[in-house]
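Assemble the whole structure, with the sequences as input and the hints as a guide.
Chain residues, written in single-letter form:
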Amino acid sequence: MSEVIRRPAEQMFAEELSKLASADTRERPPSWKLSPWAVATYLLGGTLDSGFEVSAKYIGSRRVIEIAVATLATDRALLLLGVPGTAKTWVSEHLAAAISGDSTRLVQGTAGTAEEAIRYGWNYAMLLAKGPTEEAIVPSPVMHAMRQGSIARLEELTRVPSDVQDTLITILSERTLPIPELNTELRAVRGFNLIATANDRDRGVNELSSALKRRFNTVVLPVPATEEEEVEIVRTRSASIGVSLSLPGEPPPLEEIRRIVTIFRELRAGKTADGKTKLKQPSGTLSPAEAISVVTSGRALAGHFGDGSLRAGDLASGLHGAIIKDPAEDAAVWREYLETVVKERDGWRDLYRASRELL
Amino acid sequence: MAAEVQIFGVRHHGPGSARTLVRALAEFQPDAVLIEGPPDADGLIPLAADGDMEPPVALLVYESASPSNASFYPFARFSPEWQALRFALGRGIGVGFMDLAAAHRFAMERPAGPEGEAPEPADPEPEGAGALPPARDPHGALARAAGFADGERWWEHMFEHRRADGSDALQVFGAVREAMAALRESADSGAPGPRDHLEPYREASMRKIIRAAARGHGRVAVVCGAWHAPVLERMPPAAEDNALLKGLPKARVDATWIPWTHRRLSASSGYGAGVRSPGWYDHLWAHEDAIAERWLTRAARLLRGEDLDASSAHVIESSRLAYALAAMRDRAIPGLDELTEASEAVLCAGDPTPLAFIHDRLVVGDLLGAVPDGAPSTPLQQDLQQTAKRLRLAMSAEEKDLDLDLRKETDLARSHLLHRLSLLGIPWGARGESRSRTSTFHEHWRLQWLPEFAVRVIEAGAWGNTVLDASLGKVRDRAARAPSIVDLTGLIEDAMLADLPGAAEALVTAIADRAAVDTDVAHLLGAFPPLARVARYGGVRPTDAESVYRLLVGLAARFCVGLPPACRSLSEEAAGAMLPLITEAHSAFALVADRVDQVSWHEALGRVAMDDRAAPALGGKACRLLLDAGLLDPRGAGVRLSVTLSRAAQPGAAASWVEGFLAGSGLVLVHDDRLFSILDEWVASLAPEHFLEVLPLLRRTFSTFAAGERRMLGERVRRDAPATGPDRPALGIDPERGARAMGVVAMILGLTPGLTPGLTPTGPEQGASS
Numbered sequence: 006m007s008e009v010i011r012r013p014a015e016q017m018f019a020e021e022l023s024k025l026a027s028a029d030t031r032e033r034p035p036s037w038k039l040s041p042w043a044v045a046t047y048l049l050g051g052t053l054d055s056g057f058e059v060s061a062k063y064i065g066s067r068r069v070i071e072i073a074v075a076t077l078a079t080d081r082a083l084l085l086l087g088v089p090g091t092a093k094t095w096v097s098e099h100l101a102a103a104i105s106g107d108s109t110r111l112v113q114g115t116a117g118t119a120e121e122a123i124r125y126g127w128n129y130a131m132l133l134a135k136g137p138t139e140e141a142i143v144p145s146p147v148m149h150a151m152r153q154g155s156i157a158r159l160e161e162l163t164r165v166p167s168d169v170q171d172t173l174i175t176i177l178s179e180r181t182l183p184i185p186e187l188n189t190e191l192r193a194v195r196g197f198n199l200i201a202t203a204n205d206r207d208r209g210v211n212e213l214s215s216a217l218k219r220r221f222n223t224v225v226l227p228v229p230a231t232e233e234e235e236v237e238i239v240r241t242r243s244a245s246i247g248v249s250l251s252l253p254g255e256p257p258p259l260e261e262i263r264r265i266v267t268i269f270r271e272l273r274a275g276k277t278a279d280g281k282t283k284l285k286q287p288s289g290t291l292s293p294a295e296a297i298s299v300v301t302s303g304r305a306l307a308g309h310f311g312d313g314s315l316r317a318g319d320l321a322s323g324l325h326g327a328i329i330k331d332p333a334e335d336a337a338v339w340r341e342y343l344e345t346v347v348k349e350r351d352g353w354r355d356l357y358r359a360s361r362e363l364l
Numbered sequence: 016m017a018a019e020v021q022i023f024g025v026r027h028h029g030p031g032s033a034r035t036l037v038r039a040l041a042e043f044q045p046d047a048v049l050i051e052g053p054p055d056a057d058g059l060i061p062l063a064a065d066g067d068m069e070p071p072v073a074l075l076v077y078e079s080a081s082p083s084n085a086s087f088y089p090f091a092r093f094s095p096e097w098q099a100l101r102f103a104l105g106r107g108i109g110v111g112f113m114d115l116a117a118a119h120r121f122a123m124e125r126p127a128g129p130e131g132e133a134p135e136p137a138d139p140e141p142e143g144a145g146a147l148p149p150a151r152d153p154h155g156a157l158a159r160a161a162g163f164a165d166g167e168r169w170w171e172h173m174f175e176h177r178r179a180d181g182s183d184a185l186q187v188f189g190a191v192r193e194a195m196a197a198l199r200e201s202a203d204s205g206a207p208g209p210r211d212h213l214e215p216y217r218e219a220s221m222r223k224i225i226r227a228a229a230r231g232h233g234r235v236a237v238v239c240g241a242w243h244a245p246v247l248e249r250m251p252p253a254a255e256d257n258a259l260l261k262g263l264p265k266a267r268v269d270a271t272w273i274p275w276t277h278r279r280l281s282a283s284s285g286y287g288a289g290v291r292s293p294g295w296y297d298h299l300w301a302h303e304d305a306i307a308e309r310w311l312t313r314a315a316r317l318l319r320g321e322d323l324d325a326s327s328a329h330v331i332e333s334s335r336l337a338y339a340l341a342a343m344r345d346r347a348i349p350g351l352d353e354l355t356e357a358s359e360a361v362l363c364a365g366d367p368t369p370l371a372f373i374h375d376r377l378v379v380g381d382l383l384g385a386v387p388d389g390a391p392s393t394p395l396q397q398d399l400q401q402t403a404k405r406l407r408l409a410m411s412a413e414e415k416d417l418d419l420d421l422r423k424e425t426d427l428a429r430s431h432l433l434h435r436l437s438l439l440g441i442p443w444g445a446r447g448e449s450r451s452r453t454s455t456f457h458e459h460w461r462l463q464w465l466p467e468f469a470v471r472v473i474e475a476g477a478w479g480n481t482v483l484d485a486s487l488g489k490v491r492d493r494a495a496r497a498p499s500i501v502d503l504t505g506l507i508e509d510a511m512l513a514d515l516p517g518a519a520e521a522l523v524t525a526i527a528d529r530a531a532v533d534t535d536v537a538h539l540l541g542a543f544p545p546l547a548r549v550a551r552y553g554g555v556r557p558t559d560a561e562s563v564y565r566l567l568v569g570l571a572a573r574f575c576v577g578l579p580p581a582c583r584s585l586s587e588e589a590a591g592a593m594l595p596l597i598t599e600a601h602s603a604f605a606l607v608a609d610r611v612d613q614v615s616w617h618e619a620l621g622r623v624a625m626d627d628r629a630a631p632a633l634g635g636k637a638c639r640l641l642l643d644a645g646l647l648d649p650r651g652a653g654v655r656l657s658v659t660l661s662r663a664a665q666p667g668a669a670a671s672w673v674e675g676f677l678a679g680s681g682l683v684l685v686h687d688d689r690l691f692s693i694l695d696e697w698v699a700s701l702a703p704e705h706f707l708e709v710l711p712l713l714r715r716t717f718s719t720f721a722a723g724e725r726r727m728l729g730e731r732v733r734r735d736a737p738a739t740g741p742d743r744p745a746l747g748i749d750p751e752r753g754a755r756a757m758g759v760v761a762m763i764l765g766l767t768p769g770l771t772p773g774l775t776p777t778g779p780e781q782g783a784s785s
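So the protein sequences, as listed, match chains A and B. Plus 5 on top of the position in the first sequence (first one is 1) and you've got the numbering used here. Plus 15 on top of the position in the second sequence (first one is 1) and you've got the numbering used here.
Please note that the accuracy of each hint is not assured.
As the list claims (entries may be wrong) - Here chain A is said to cover these stretches of chain B; the calculated rule only asks that three of the stretch's residues, wherever they fall, bring their Cβ under 8 Å from a Cβ of chain A:
hint	segment
1	325 to 333
2	527 to 533
Said to hold, decoys possible - Which chain A residues stay away from chain B? Per the calculated CB distances, all over 10 Å, these:
hint	residue
3	35
4	116
5	127
6	172
7	232
8	282
9	347
10	362
What the hints contain is simulated information worked out from the structure, not anything from laboratory work. Being a predicted model, the structure only gives us computed values, none of them experimental. Yeah, the Cβ is synthetic: ideal placement off N, Cα and C, and Gly gets one too.
The following block contains the structure:
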């Protein structure tokens with residue numbers, strides 16, 4: 006059998022999960038594979054008493070993860086909000102993997118997501134032959150999760166049309182799924198819960214109704230708090246992506262990653278790292294995920310077309326593309342940043358020249 | 016010593032400490048209470064029992080001679096010290112403050128240099144006064160030892176949530192004392208903190224006062240910061256302390272009670288012993304049970320008041336989350352951290368804005384205290400009165416005119432005072448136009464003191480204790496808050512007029528911040544001239560001038576890039592507003608020419624001048640500025656003029672261009688035949704309806720010329736000879752039509768009798784033609 010590109014979290018980190026489960030003596034909520042404490046440890050990393058090292062899945066604020074886990078432990082649905090590229094999906098997958106041992110109950114929200122994707126559909130051949138019966142029902146991932154007592158995941162909740170979103174209200178507040186056609190209902194097994202993710206950049210797309218919003222505890226995943234943290238995220242992720250894409254060339258030097266992260270952080274924060282100069286902000290989000298892709302594409306350029314080592318010129322095109330989302334305004338922002346900050350900074354001359362050429 | 020002395024080491028502004036202290040005092044039954052605080056203010060203690068006194072209030076102790084040398088000792092109702100005061104006053108037992116007298120402290124902290132020069136203006140924020148814990152953070156140290164992130168949370172965990180009573184309460188203080196003793200032993204070997212040189216004197220004074228109290232009473236309760244508790248217990252021989260305290264310098268001090276706010280109790284206001292969450296502590300003090308539920312309910316009600324969704328269901332869910340979080344962290348009940356996180360996730364749906372609102376209103380809070388009328392007057396009032404008396408300005412309700420000659424020292428000081436007061440929102444004097452004199456060293460003021468100003472003076476006391484400090488503080492605050500650069504540029508000039516040392520720095524930083532995100536070129540242009548004047552004519556120290564120059568360079572880079580597009584698609588009004596900005600920025604460049612590169616400015620002007628889409632008036636102006644600067648030769652200007660005035664151009668736009676080009680001075684026309692004739696031909700070629708349209712514009716333009724220039728131009732027209740340019744091609748000119756045009760030009764120039772406008776020339780020219 007040929008190898009899949011990426012396996013689900015519960016398989017990738019099966020060893021860590023089983024080690025944690027055996028070391029975990031704390032009380033577990035019904036149907037949970039791990040205690041809330043162990044779930045938090047799985048996400049944030051740590052060393053078990055046995056000396057086993059649990060890798061950090063989420064590098065960042067401990068309290069964010071604690072709130073998320075505590076929310077799920079109190080049987081409330083969790084809404085992860087954040088700008089694109091702040092590891093919302095990543096966190097939701099690992100939460101589901103750690104709590105239920107199954108992160109595959111997933112509904113991808115789109116503008117075309119129909120009620121059937123959240124409730125259930127029908128096997129029409131059987132429906133015509135036998136009429137509405139239990140067997141004719143095609144369950145959705147949410148319905149599966151309700152039966153199993155596991156975590157269901159809904160990606161990009163705000164992209165789902167509002168009327169479809171609202172089918173979640175009964176599921177979340179009553180924990181039942183009515184099936185009026187059969188004059189029955191499905192009651193969720195303990196342990197069922199829902200993690201939804203939404204992008205707060207385009208919150209306005211399909212704003213949640215306040216009835217639905219009330220059913221969720223909202224946790225905002227922030228962009229990384231410190232430069233060190235962000236460099237670490239970009240470094241580890243781009244290294245692992247480089248391996249899976251089998252990119253040629255050397256791994257990216259730390260100082261290049263630091264430069265990208267510095268630029269992204271400064272533009273995102275609207276001021277320079279030393280806090281002395283304010284800057285205009287571009288319209289893009291400049292998330293760590295984008296920093297990772299700038300580094301990856303720079304490596305690909307250097308590996309396939311350059312001498313294998315990552316240089317300013319390889320990064321410039323990636324930066325240009327990541328920062329300039331709006332050709333008029335962002336270009337001006339980027340140009341101003343280049344002229345006022347990059348040009349003056351020691352040792353950044355190469356990046357300045359490479360970037361100026363592209364403008 | 017016959018009396019029994021019990022030391023109660025407390026945490027300043029800790030409700031748990033306060034509660035335990037009240038129980039412990041009731042158990043101990045003292046007949047005298049000593050509280051850490053300035054003994055100079057003993058006389059003010061009885062006012063604390065006054066019915067009109069409402070915490071938060073602060074004891075303000077200041078040096079009579081220089082009120083800016085002051086200390087604040089704030090008390091909230093949850094401060095153990097306040098509760099001890101009320102306890103003693105309520106039972107009618109003796110109560111006094113104990114510490115190094117402020118009289119000594121001010122004298123000892125005074126810089127050793129010669130007196131006479133005004134001391135450096137103190138920071139407008141209250142300093143972490145002496146009664147408050149030392150620069151070291153003992154709670155923080157203990158908290159770190161116990162594995163907590165910060166002292167406040169640890170203390171809360173250990174004491175605020177503890178409900179000790181009776182003898183148990185007494186034991187708590189014993190434990191605190193032991194912990195502090197251990198801490199002091201390890202800390203004494205460490206490097207001394209900044210205020211440490213006074214600490215031996217402070218503790219010696221405390222012991223001296225305790226000894227005196229012990230002589231007259233049976234049971235003395237001593238309430239002090241936990242840090243001092245161990246050394247007050249082990250009493251060294253009295254002679255040692257007396258020797259240390261002998262012959263200390265002394266200053267005259269005054270003290271008063273002033274209203275205080277929770278906001279200024281918070282550490283973020285710069286108050287050294289501040290707490291991060293005064294509102295939360297007040298809540299802890301006020302309620303004994305269901306603290307989390309009450310807190311979340313208050314938060315929900317607050318949000319409801321702002322029309323945000325916050326139902327009872329929200330409160331229920333957030334309290335569940337808070338308890339779950341507390342359980343995950345092995346805490347008995349939710350603390351402020353858990354409550355904040357729960358409010359964020361449930362009540363605010365992850366939105367930081369309402370959360371910040373909750374923090375501002377609830378966690379910090381705006382509770383304002385009140386003091387009885389009997390409290391003495393504030394230092395700012397006194398400073399103002401003294402200054403006014405020194406400058407012989409009477410605070411009278413009658414209107415009085417004042418003409419100040421700024422070359423005289425007293426008049427200059429008066430001007431500064433009046434400018435500072437207007438910055439503080441106390442318009443004692445209204446600035447009038449200098450009437451007859453054109454000199455810049457005269458200022459005309461109309462003075463009138465209104466009774467309501469007194470209230471404003473007290474309000475302004477929040478900014479500082481002297482008029483200088485207060486206006487500085489106010490300017491800094493406005494600088495920090497001003498939403499856009501426009502609000503700041505005026506302020507920087509006001510600050511210069513008011514002679515505020517240090518204000519320019521704050522303003523320059525603020526302008527730099529706003530400038531970076533301001534996209535409006537007009538704002539940036541407007542900021543440039545005042546900053547250039549600051550850089551040129553002072554108001555900043557040389558080191559700061561460097562940063563002003565840097566800012567100027569940055570500003571210039573930004574508006575030079577933005578100028579050409581900003582000059583496009585402007586309405587006539589907008590262009591009219593832009594015109595003086597460009598002119599002023601251009602002359603400001605001359606002020607700082609040695610430090611700020613003009614090349615890109617000239618390039619920007621060049622692009623505006625050559626840009627057909629630029630507003631015509633601005634294009635004309637840019638052309639003229641370049642011509643005057645010698646960067647555009649007359650031939651080039653001529654080409655530009657003729658392009659603009661060519662037949663295809665709209666006459667209205669062309670006239671605006673001419674206005675921009677010529678306004679201010681017509682010398683170019685006098686000296687350059689080519690330009691004159693191009694203009695002349697254009698006017699002559701206009702159709703009658705177009706002529707009527709542009710006539711007012713042209714007249715307005717020509718009326719700005721100096722009388723001599725107009726006469727010379729007029730004479731030239733009257734000569735009725737075709738202009739003789741050096742390389743003028745011999746054209747077949749129709750003299751009849753030419754004469755008609757000449758007559759028209761003469762009329763424009765005001766040379767036709769009856770049409771001569773009685774206009775006076777304007778001020779100095781904008782540079783002469785090269």
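Do the hints match the structure? See the list:
no.	hint	verdict
1	325 to 333	holds (count 4)
2	527 to 533	holds (count 6)
3	35	holds, 14 Å
4	116	holds, 23 Å
5	127	holds, 35 Å
6	172	holds, 20 Å
7	232	holds, 20 Å
8	282	violated, 6 Å
9	347	holds, 13 Å
10	362	holds, 18 Å
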